[in-house]
Amino acid sequence: MTRRYSALSLFREGLANQTGWEPAWRSPQPRKTYDVIVIGGGGHGLSTVYYLARNHGITNVAVLEKGWIGGGNTGRNTTVVRSNYYYPESVALYGLAHRLYENLSGEINYNVMLSQRGMVTLCHSVAEMEIAARLVNAMQINGTDAELFSVEDVRRVLPNYNFAPDARFPVLGGVWQGRAGTARHDAVAWGYARAASRLGVDIIQNCEITDFIIEGGRCRGVETTRGAIRANRIGMAVAGHSSVLAAKAGFRLPINSYALQACVSEPVKPVLDTVVLSPGTGVYVSQSDKGEIVLGGALDRVPSYGQRGNLPTLESVIAGLLEMFPSFGQLKLMRQWAGIVDVVPDSSPIIGESPLPGLFLNCGWGTGGFKAIPAGGTLLAHLLATGRHHDISRPFDLDRFTTGRLLDEAAGSGIAH
Amino acid sequence: MQLFPCPFCGPRPETEFHYNGEAGNIRPDGAQVSAECWAGYLYERSNPKGAAREIWVHATCQEFFVMERDTVTHQLAATQTPGFAEHAE
Chain F
55 MTRRYSALSL FREGLANQTG WEPAWRSPQP RKTYDVIVIG GGGHGLSTVY YLARNHGITN
115 VAVLEKGWIG GGNTGRNTTV VRSNYYYPES VALYGLAHRL YENLSGEINY NVMLSQRGMV
175 TLCHSVAEME IAARLVNAMQ INGTDAELFS VEDVRRVLPN YNFAPDARFP VLGGVWQGRA
235 GTARHDAVAW GYARAASRLG VDIIQNCEIT DFIIEGGRCR GVETTRGAIR ANRIGMAVAG
295 HSSVLAAKAG FRLPINSYAL QACVSEPVKP VLDTVVLSPG TGVYVSQSDK GEIVLGGALD
355 RVPSYGQRGN LPTLESVIAG LLEMFPSFGQ LKLMRQWAGI VDVVPDSSPI IGESPLPGLF
415 LNCGWGTGGF KAIPAGGTLL AHLLATGRHH DISRPFDLDR FTTGRLLDEA AGSGIAH
Chain Y
622 MQLFPCPFCG PRPETEFHYN GEAGNIRPDG AQVSAECWAG YLYERSNPKG AAREIWVHAT
682 CQEFFVMERD TVTHQLAATQ TPGFAEHAE
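Those protein sequence lines, which keep their order, are chains F and Y.
Just so you know, the first sequence maps onto residues 55 to 471 in the working numbering.
Just so you know, the second sequence maps onto residues 622 to 710 in the working numbering.
This is chain Y alone, in the form it adopts within the complex (with noise of 0.2 Å):
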């Protein structure tokens, strides 16, 4: 069992966690937007192997922030809560 840090609750067991997505993706906005571009927002995925900077919700107390972590040694390097921006799903 990893524990993950919720900002709000400090470490907790992965298992309270939820993934939400890659952060920094964002919503196209406007009246013209292709189908392309939808695509792009609703399902291509970076899908990185190593680095990644993603999306958690903490189901118990419904904090979200951006965790960066390893997605192969699902080592943590950091948290913080998401920009308004980059708050993906």
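So here's chain F without its partners, still in its complex pose (with noise of 0.2 Å):
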């Protein structure tokens, strides 16, 4: 059997009339017991105990997924991988995600197409030049890559937005990250789940969690729909219904439900090639490697588990993206579909043991949760492994909304939630 992923073993298998692949995961029945389970089987559960077994040599573990893996979240966002953020525990914890990604595809021999094709964070106003000037400084400082743009280097890398004097948000300059780019999602699912299974993980797919159990005060494992599952320590990284899990764990969680959408064009030859985010007009938009515009903004307004996306922010979405881009007015949309995403008043994730003990959180990432599953698996697995915070992950424990030492990334970089 072919396990090793190469040109050599490509060559092969066509000589071989490719029937030398095996499976890229193993799909197991669920044991009784295991020293870990993850529940939510999305690039973060997936990459938790991927780290549990290479960081921590944790093997005798599970994720739990109640669907397909990678058909939530992690399979409907828009790739953007990034780490432009303001305050310095945020460039720590997606600085860990942006240096993971760089070193993926060759670790976990499984390419997830990494692309750092650079991004722009459009300025439309004196006051956000102003902004966007000690933003890069609070990055540099930081130590993560960003550049100030002028309006000529703009030009330079987005030929084809609208500069005419008559536009309605024309540009001054803007932030520029050259490290940034887009990954495909699925790989980043599909790989991480090849390589913790090739570590011994077991992936259960069809297996919903109906219910914790809870023995003297502690979290002991799940009834699922294949079974009761014991476990010592159980992670939890399930994105926009967190909320659903917790109350069935018996606590509440900050965190409020929305649907994000998006939406691809058909595919055209190559005219953009670079991330685009206006602030202004509240879209991001890049090409895909098969052509596609890949375009997104705005959460919808109203709260919301239905994973459909309303018109109002579909048509503003688009609306401006042909202020920027008015040649984009001959493409036809080809789908949209809507992920729900976990929001968080201060617009920062909670990673840490939640009120019951036991089970530890991964969650709240809300609209930016594809850039950081490298970090949100490693601080979770260390977590898992090790019951304390690793040093990035500390900040960002439940306990600052009681605290009050919030990371507000709303008012620091400026991202909408």
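What the hints contain is simulated information worked out from the structure, not anything from laboratory work.
Values in this document were obtained by computation on a predicted structure and should not be read as measured data.
A portion of the hints provided could be inaccurate.
[Said to hold, decoys possible] Simulated pairs of lysine-lysine, PhoX-like, Cα-Cα distance not exceeding 25 Å:
| id | chain 1 | residue 1 | chain 2 | residue 2 |
| --- | --- | --- | --- | --- |
| 1 | F | K386 | F | K323 |
| 2 | F | K86 | Y | K670 |
| 3 | Y | K670 | F | K302 |
[Stated by the list, open to error] The following label-pair restraints were derived from C-beta to C-beta distances:
| id | chain 1 | residue 1 | chain 2 | residue 2 | range |
| --- | --- | --- | --- | --- | --- |
| 4 | F | I195 | Y | A652 | 28 to 34 Å |
| 5 | Y | L624 | F | Q83 | 45 to 51 Å |
| 6 | Y | A652 | F | V205 | 54 to 60 Å |
| 7 | Y | G651 | F | H110 | 30 to 36 Å |
| 8 | F | D207 | Y | A672 | 19 to 25 Å |
| 9 | Y | C682 | F | R222 | 26 to 32 Å |
| 10 | F | S63 | Y | L624 | 55 to 61 Å |
Heads up, the beta-carbon is just placed ideally off N, CA and C, and yes, glycines get one too.
Quick one: dock chain against chain with the hints and give me the complex.
See below:
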């Protein structure tokens, strides 16, 4: 059987009529007990079990997914990888994820198609340019790459932007992060799943949590649609459904769930070779390797668990895109969808032990969880293995809502939510 | 575009409305309110999947009201003027 992916194995399998490939991951029956269970087979859950095995040598582990792996927000996001945040705590967190992404394909022998094409956040007013200069200074001091772009710089990377004198959103400059880019979202989920499975982790799909097993005030396992499964420590990485599981475990979280939608056009020839974000129009857009224009914008304004997205937000996103790139008006939309994101008041994630001892949280990433997958997994794995915080995850504990030490990235880096 | 029923104006487009929080989230009162109690009021939410009871405001007429709604199907169940005690934020 062919285990390792390489140009040589591809060539050999071509000669052997493609008969030697083995499934990328095993699908065993769940056992009755594990050392660690992780709930949620998205990017964060799968990276958690991979790092549990690789960094901590804990392989008696299962990841439980109610549907199919990578079928939630991991398969619904717009695939942007970046670390242009304001606070030192955030730069440490997203910087860790960014660095791990840069070496991921080689490490897990799975091409996640990381394309560091750079990202520009546009400024449309003098006031925004002032804030951009402050943000760039902060990012450089905190050790991540950032550059202040003039209007000429923006014109160089975005020649087809609407620079007309009567443009509704004229550009004065922007913030550039050259190491930012995109990665193939499904490949991140599948690559981590394959690597974790190789190290002995059980990947259990179609296994929904119905309740928690709580004994002596401590979480001892879960009841599932495939029977009871017990473990010493349980992790939870379920994004927009965190509040639903928290209710079963007997506590509430500082989370509101909203639909975040995105859409793609028909594939066209290369026309946009960076990622663009415009806070003015509320639109972010890039072109996929297949040639589709991938775009998204703000949250739907109605709290929701319906994975559809509503029309007013879609309309404003497309209107914003056409203000920025009038030539895109010729494109036809192919698909539109939404994922349910877990929005936290300070726009920073929650990583740490839950109010139910033995149950650990990785949630609250809101609209930006994909870029953080390697860090979310590393840090939750550290908590599950040691019972203690990693230095990088400590500021993101749930206790910040009681102590008042919030990390307000909506104010810091101007992310919308 | 979904129509929401304003108790004052009648059915209006959803874009005219603003979500104002969960109904029944009552501000703690008194001199001895613990930090945990404040965190519960300020930040923790039930965030239900399915039947929800929420405070909304119709931005154009400033009418506050309670809307009962399903957060999965977005089907509306009922609206009413809130009691003083459950007027959230």
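Hints, verified against the model:
Proximity of K386 of chain F to K323 of chain F is assessed by CA-CA distance (about 14 Å); at most 25 Å being required, the pair is judged to hold. Distance hint between K86 of chain F and K670 of chain Y is unfulfilled; the C-alpha atoms sit about 29 Å from each other, more than 25 Å. Under the criterion of a C-alpha separation no larger than 25 Å, the hint pairing K670 of chain Y with K302 of chain F is consistent with the structure, at around 12 Å. Restraint check, I195 of chain F to A652 of chain Y: a C-beta distance of roughly 42 Å breaks the suggested window 28 to 34 Å.
Checked against the hint of 45 to 51 Å, the C-beta distance between L624 of chain Y and Q83 of chain F comes to roughly 49 Å, which is consistent with it. For A652 of chain Y and V205 of chain F, the Cβ-Cβ distance of about 56 Å falls inside the hinted range of 54 to 60 Å, so the restraint holds. A C-beta distance of roughly 47 Å is found between G651 of chain Y and H110 of chain F, which places it outside the suggested range of 30 to 36 Å. At about 52 Å, the beta-carbon gap between D207 of chain F and A672 of chain Y misses the expected band of 19 to 25 Å.
Taking the beta carbon of each, C682 of chain Y and R222 of chain F are about 29 Å apart, inside 26 to 32 Å as hinted. Range check, S63 of chain F to L624 of chain Y: about 58 Å between beta-carbon atoms, so the 55 to 61 Å window is met.
This entry does not satisfy hints 2, 4, 7, 8, going by the numbered hints stated previously.
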